[in-house]
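Chains as they are written, first to last, in this note's numbering: chain H, 1 to 247; chain U, 1 to 247.
Some clues are possibly wrong.
Cut-off 30 angstroms, straight-line C-alpha distance, at most; resulting in silico cross-link-like pairs (DSS-like, lysine-lysine) [said to hold, decoys possible]:
{"#": "1", "chain 1": "H", "residue 1": "Lys228", "chain 2": "H", "residue 2": "Lys211"}
{"#": "2", "chain 1": "H", "residue 1": "Lys86", "chain 2": "U", "residue 2": "Lys37"}
{"#": "3", "chain 1": "H", "residue 1": "Lys86", "chain 2": "U", "residue 2": "Lys86"}
{"#": "4", "chain 1": "U", "residue 1": "Lys119", "chain 2": "H", "residue 2": "Lys119"}
{"#": "5", "chain 1": "H", "residue 1": "Lys36", "chain 2": "U", "residue 2": "Lys119"}
Derived list of chain H stretches under chain U, where covered just means 3 residues or more per stretch with a C-beta under 8 angstroms from a C-beta of chain U [as the list claims (entries may be wrong)]:
{"#": "6", "region": "2-11"}
{"#": "7", "region": "80-93"}
{"#": "8", "region": "123-129"}
{"#": "9", "region": "149-163"}
What the hints contain is simulated information worked out from the structure, not anything from laboratory work. Small disclaimer: the values here were computed from a predicted structure and weren't measured. Virtual Cβ for every residue (Gly too), placed ideally from N, Cα, C.
What follows is each chain in one-letter form.
Protein chains: 2
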Amino acid sequence: MPRYKLTIEYDGTDFVGWQRQDNGPSVQGAIEAAFKKYCQADITLFVAGRTDAGVHALGQVAHADIPRDDRPEVVANALNAHLRPKPIAIISAERVGEDFHARFSAIERAYEYRIINRKAPLVLDRNRAWAIHHPIDAAAMHDGAQALVGHHDFTSFRAAECQADSPMRTIDEITVTREADHVVMRVRARSFLHHQVRNIIGTLKLCGEGKWTRADVAAALAAKDRSKAGQTAPACGLYLVAVKYPA
Amino acid sequence: MPRYKLTIEYDGTDFVGWQRQDNGPSVQGAIEAAFKKYCQADITLFVAGRTDAGVHALGQVAHADIPRDDRPEVVANALNAHLRPKPIAIISAERVGEDFHARFSAIERAYEYRIINRKAPLVLDRNRAWAIHHPIDAAAMHDGAQALVGHHDFTSFRAAECQADSPMRTIDEITVTREADHVVMRVRARSFLHHQVRNIIGTLKLCGEGKWTRADVAAALAAKDRSKAGQTAPACGLYLVAVKYPA
């Protein structure tokens, strides 16, 4: 059966997360239901990054083998028609070989974490960013973040329920920038641990508040103890932006 | 009574517009109701720009005279508390003199019109941008827009129901730029006619599609005839970004 790679955008607010679950609507479940209407068959999706409840995606990637040999645009249009009005869109579809696997072939994942730093409650960015109402210093957050770049044991930034075999990960780049009241962290790695990005931004917030320095972030990392790092930031500020594959 | 200037953000999607009306919830009505709870008095708001149903604001400005002499932060916090969970926020409040008038003192209004130019339906930008699914050329739109800069009779870009005395307006600047699939028009003028920005972007779309040149835009302007310009673009892409007052 032909294999298709899908690039997917979704608003994670009203989903229990990517993964099909018994306790509510999932992004995977919605797209598989659209496939069922389109192909009259049960299709299983394989995904690059299983996002949690409330986490958004601009460029999630999944693949599926389907019993039809349609042009990729036809696949995307059919799925989008069946997905409507759910807040999920297939941005593009592509025919790929049998050796392509959305999760195992990925060589880089890029996430963004968005903070709105202002006194007023959020309106246009409600459910789309973390509202921090007291002033935070983005440059201090950027500086603190540099302690995490490279190959490290990220036990201090890993959820208790993380299922990865190893806590070792390599962060290629983290930047924190401010434009007016928008503070954005961008982070790239081959792969991430469960809650790693949200635990990182929750820790960098301490730097932004002037409570921690870069040395404190390095010490939290070295401690290999989740209780030594900062809080888990809310899901709503997190976006899976892109997944990269070998050319 | 002390006069306060309010800077306001709102998501216009579920409102009949800024102005209080009998046919549904308005932004003005919601803020006046919040004032009533806060001041136990009927307060009337005066606004810089009466936005239509579905139009958003990042920096709308209004003023009100109120029978309390509170610090501006207290006013903003009280209104925000009473507005919750409506998608309206008071970004800031400021004490101003009796000679300040949100509408008549304004010397510049800045609007943004956001287009998402891609095949896929909108998700994170649903109700927040105009979805144009075929390719449009932002550089051609920018070029066409330059025919409108300056002091002109904008009859061709004015809604039939426009109540302004004169169709003469001065556009200080229009730019159209693209970043990936986001095409944004930014326009500044002392004031605008009813539907002027939406009629301009609806016309520039013809340039973006290669159907019109800058000379066609100039001819439509010179015709002083609404039927010679392009369509009225959807409200959901329009944002009142800022209103400027003398220092």
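Notebook entry, point to check: Hints broken by the structure, by number, lowest first?
Noted result: 2, 4 and 9
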